[in-house]
Amino acid sequence: MDSTIRTGWIPALIIGSTLVFSGWAVGQGVEGFRAVDRAVTVNGLTNLDVKNDFAVWTLAFRRGSDKFAEVRRSLNLDRDRIVVFLREKGFRADEIEVHPLQVEDLPGHEASSQQAGQRFNGQGRVLVKTARVDAVARVAGQIDPLIAAGIQFESEPRPAPAAASTR
1 MDSTIRTGWI PALIIGSTLV FSGWAVGQGV EGFRAVDRAV TVNGLTNLDV
51 KNDFAVWTLA FRRGSDKFAE VRRSLNLDRD RIVVFLREKG FRADEIEVHP
101 LQVEDLPGHE ASSQQAGQRF NGQGRVLVKT ARVDAVARVA GQIDPLIAAG
151 IQFESEPRPA PAAASTR
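Take 1 as the starting number for the sequence shown in the UniProt record's numbering and just add one per residue.
Treat the hints with caution; some may be incorrect.
Claimed, not checked - Straight-line distance between alpha carbons at most 27 Å, and here's what the computed DSSO-like set of lysine-lysine pairs gives:
(1) K51 with K89
(2) K67 with K129
(3) K129 with K89
As the list claims (entries may be wrong) - Derived DEER-like restraints, expressed as beta-carbon distance ranges:
(4) F33 with A137: 27 to 35 Å
(5) Q142 with V98: 15 to 23 Å
(6) G29 with K129: 52 to 60 Å
(7) D144 with T58: 13 to 21 Å
(8) D144 with V98: 16 to 24 Å
(9) V83 with E104: 16 to 24 Å
(10) F21 with N52: 57 to 65 Å
(11) R81 with D105: 35 to 43 Å
(12) R138 with F68: 34 to 42 Å
(13) D105 with A131: 38 to 46 Å
(14) Q152 with D105: 16 to 24 Å
(15) F153 with F33: 18 to 26 Å
(16) D66 with D94: 20 to 28 Å
(17) V30 with K51: 24 to 32 Å
Source of the hints: derived by calculation from the structure; they are not laboratory data.
The C-beta atom is built at its ideal place from N, Cα and C for all residues, glycine as well.
Full structure from sequences and hints, please.
Shown next, in the form of structure tokens:
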């Protein structure tokens with residue numbers, strides 16, 4: 001009987017230490033889980049109106065015709081009209097950036113979507129980059145004379161973050 005008493009304490013010690021370790025591990029898990037919930041969410045800061053200090057205004061325009069020379073001539077005329085309009089509205093030459101014109105031959109690229117009389121499609125861009133944000137906002141609403149002169153402006157879709165922030 002003496003040998004059973006001596007060997008019985010070893011399994012009891014193993015089981016006891018396993019229970020202690022298991023309890024400690026569960027406690028650490030619960031403590032870690034509760035620490036994750038200690039985040040602070042601040043609502044309302046996304047609703048602040050912030051005034052921009054720099055504006056980039058893209059005036060993208062296009063023309064289409066069956067004749068290459070006609071598209072180039074129309075695009076050059078449109079670009080010149082836009083630059084003159086911007087200069088008349090008070091923008092300096094260093095605030096106006098003129099991009100090269102691009103003309104594409106549609107049968108070579110998009111024959112299936114070609115409209116009759118629109119073999120060549122041309123695009124141009126004029127950018128206004130200025131710290132005078134109020135002037136850009138004011139003049140952007142005054143482009144009706146350019147539209148009346150026949151300039152066809154493209155409206156560019158805004159990137160997802162910009163579209164979401166301006167809703």
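Do the hints match the structure? See the list:
no. : hint                       : result
1   : K51 with K89               : holds, 22 Å
2   : K67 with K129              : violated, 33 Å
3   : K129 with K89              : holds, 14 Å
4   : F33 with A137: 27 to 35 Å  : violated, 51 Å
5   : Q142 with V98: 15 to 23 Å  : holds, 20 Å
6   : G29 with K129: 52 to 60 Å  : holds, 56 Å
7   : D144 with T58: 13 to 21 Å  : holds, 18 Å
8   : D144 with V98: 16 to 24 Å  : holds, 22 Å
9   : V83 with E104: 16 to 24 Å  : holds, 23 Å
10  : F21 with N52: 57 to 65 Å   : holds, 60 Å
11  : R81 with D105: 35 to 43 Å  : violated, 25 Å
12  : R138 with F68: 34 to 42 Å  : holds, 37 Å
13  : D105 with A131: 38 to 46 Å : holds, 40 Å
14  : Q152 with D105: 16 to 24 Å : holds, 19 Å
15  : F153 with F33: 18 to 26 Å  : violated, 56 Å
16  : D66 with D94: 20 to 28 Å   : violated, 38 Å
17  : V30 with K51: 24 to 32 Å   : violated, 48 Å
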